[in-house]
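Protein sequence lines, in the order shown, are assigned to chains X and E. Note that the first sequence covers residues 1 to 111 in our numbering. Note that the second sequence covers residues 1 to 118 in our numbering.
Treat the hints as calculated values from the structure; they're not laboratory data. Bear in mind that the values here come from a model prediction, so they are computed numbers and not experimental data. Be a bit skeptical, because a hint or two may be false.
Said to hold, decoys possible - Derived Cβ-Cβ restraints for the label pairs, each shown as a range:
1) K71/X - H117/E: 45 to 53 Å
2) G3/X - P9/E: 38 to 46 Å
3) G16/X - N67/E: 47 to 55 Å
4) Q110/E - E83/X: 17 to 25 Å
5) N51/X - L47/E: 19 to 27 Å
6) K57/X - I46/E: 22 to 30 Å
7) T76/X - N97/E: 28 to 36 Å
8) G3/X - E52/E: 22 to 30 Å
9) N97/E - A53/X: 35 to 43 Å
10) S42/E - F74/X: 22 to 30 Å
Backbone N, C-alpha and C fix where the C-beta goes; we use that ideal spot for every residue, glycine too.
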Amino acid sequence: DTGVSQNPRHKITKRGQNVTFRCDPISEHNRLYWYRQTLGQGPEFLTYFQNEAQLEKSRLLSDRFSAERPKGSFSTLEIQRTEQGDSAMYLCASSENSPYSFGSGTRLTVV
Amino acid sequence: AQTVTQSQPEMSVQEAETVTLSCTYDTSESDYYLFWYKQPPSRQMILVIRQEAYKQQNATENRFSVNFQKAAKSFSLKISDSQLGDAAMYFCAYRSNAGGTSYGKLTFGQGTILTVHP
Numbered sequence: 001d002t003g004v005s006q007n008p009r010h011k012i013t014k015r016g017q018n019v020t021f022r023c024d025p026i027s028e029h030n031r032l033y034w035y036r037q038t039l040g041q042g043p044e045f046l047t048y049f050q051n052e053a054q055l056e057k058s059r060l061l062s063d064r065f066s067a068e069r070p071k072g073s074f075s076t077l078e079i080q081r082t083e084q085g086d087s088a089m090y091l092c093a094s095s096e097n098s099p100y101s102f103g104s105g106t107r108l109t110v111v
Numbered sequence: 001a002q003t004v005t006q007s008q009p010e011m012s013v014q015e016a017e018t019v020t021l022s023c024t025y026d027t028s029e030s031d032y033y034l035f036w037y038k039q040p041p042s043r044q045m046i047l048v049i050r051q052e053a054y055k056q057q058n059a060t061e062n063r064f065s066v067n068f069q070k071a072a073k074s075f076s077l078k079i080s081d082s083q084l085g086d087a088a089m090y091f092c093a094y095r096s097n098a099g100g101t102s103y104g105k106l107t108f109g110q111g112t113i114l115t116v117h118p
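Please model the complete structure; the sequences and the hints are all you need to start from.
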């Protein structure tokens with residue numbers, strides 16, 4: 001069990017650029033979650049996969065955001081045309097049953 | 001929709017003393033889980049303790065215990081014999097056990113920063 005891995009750890013991008021983050025869950029976990037955490041706040045749910053199926057998307061996930069989990073393994077979260085308000089920590093978590101295992105997150109800074 | 005409120009943005013405690021972090025929540029459901037997570041600076045979030053709503057007995061994990069008041073919708077965390085390594089942001093979180101497409105989704109509070117003084 002190597003834990004949930006997220007890459008990159010940090011990303012600085014210019015406003016308007018596209019970015020993609022990757023999450024590798026614990027191998028036997030079929031559920032994968034993405035959360036966004038702004039400074040000093042609790043994480044907010046973005047989206048959830050069970051295997052390769054995306055079962056729920058938050059209203060926070062605008063049409064500039066897209067997430068995939070091909071073959072039910074790793075997942076990617078893409079943000080198109082980034083805005084300064086997208087600056088946050090993006091957390092990935094996986095579970096088979098409660099509780100979650102969280103990754104260390106990807107910190108995005110949009111300048 | 002469920003909400004979780006942590007009314008203490010910051011708390012501090014002396015090493016070896018006891019501190020209690022507060023959490024209230026709002027839900028119309030009867031079957032759910034409550035969690036306390038710890039997030040050290042620049043490190044990943046880890047589970048401290050969890051409570052199943054249908055269990056009346058308060059959960060305990062070593063120095064960590066909860067006071068779960070279901071009717072009052074209150075879920076506080078007590079840390080006994082505080083250690084320097086307990087310093088972190090603590091989050092209270094709610095998870096419905098109702099199943100469906102939202103299964104497993106956590107709703108977090110705003111967090112409480114805990115400082116431990118030597």
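For each hint, the structure was consulted:
A C-beta distance of roughly 50 Å is found between K71/X and H117/E, which places it inside the suggested range of 45 to 53 Å. G3/X and P9/E have their C-beta atoms about 30 Å apart, which leaves the hinted 38 to 46 Å range violated. Between G16/X and N67/E the Cβ separation comes to about 49 Å, which falls inside the hinted range of 47 to 55 Å. Range check, Q110/E to E83/X: about 23 Å between beta-carbon atoms, so the 17 to 25 Å window is met.
At about 23 Å, the beta-carbon gap between N51/X and L47/E stays in the expected band of 19 to 27 Å. For the pair K57/X and I46/E, the beta carbons lie near 27 Å from each other, so the given range of 22 to 30 Å is met. Roughly 29 Å separates the CB atoms of T76/X and N97/E, a value that falls within the hinted 28 to 36 Å. The hinted window of 22 to 30 Å between G3/X and E52/E holds, with their beta carbons roughly 25 Å apart.
The hinted window of 35 to 43 Å between N97/E and A53/X is violated, with their beta carbons roughly 21 Å apart. The hinted range of 22 to 30 Å is satisfied by S42/E and F74/X, whose Cβ atoms lie roughly 23 Å apart.
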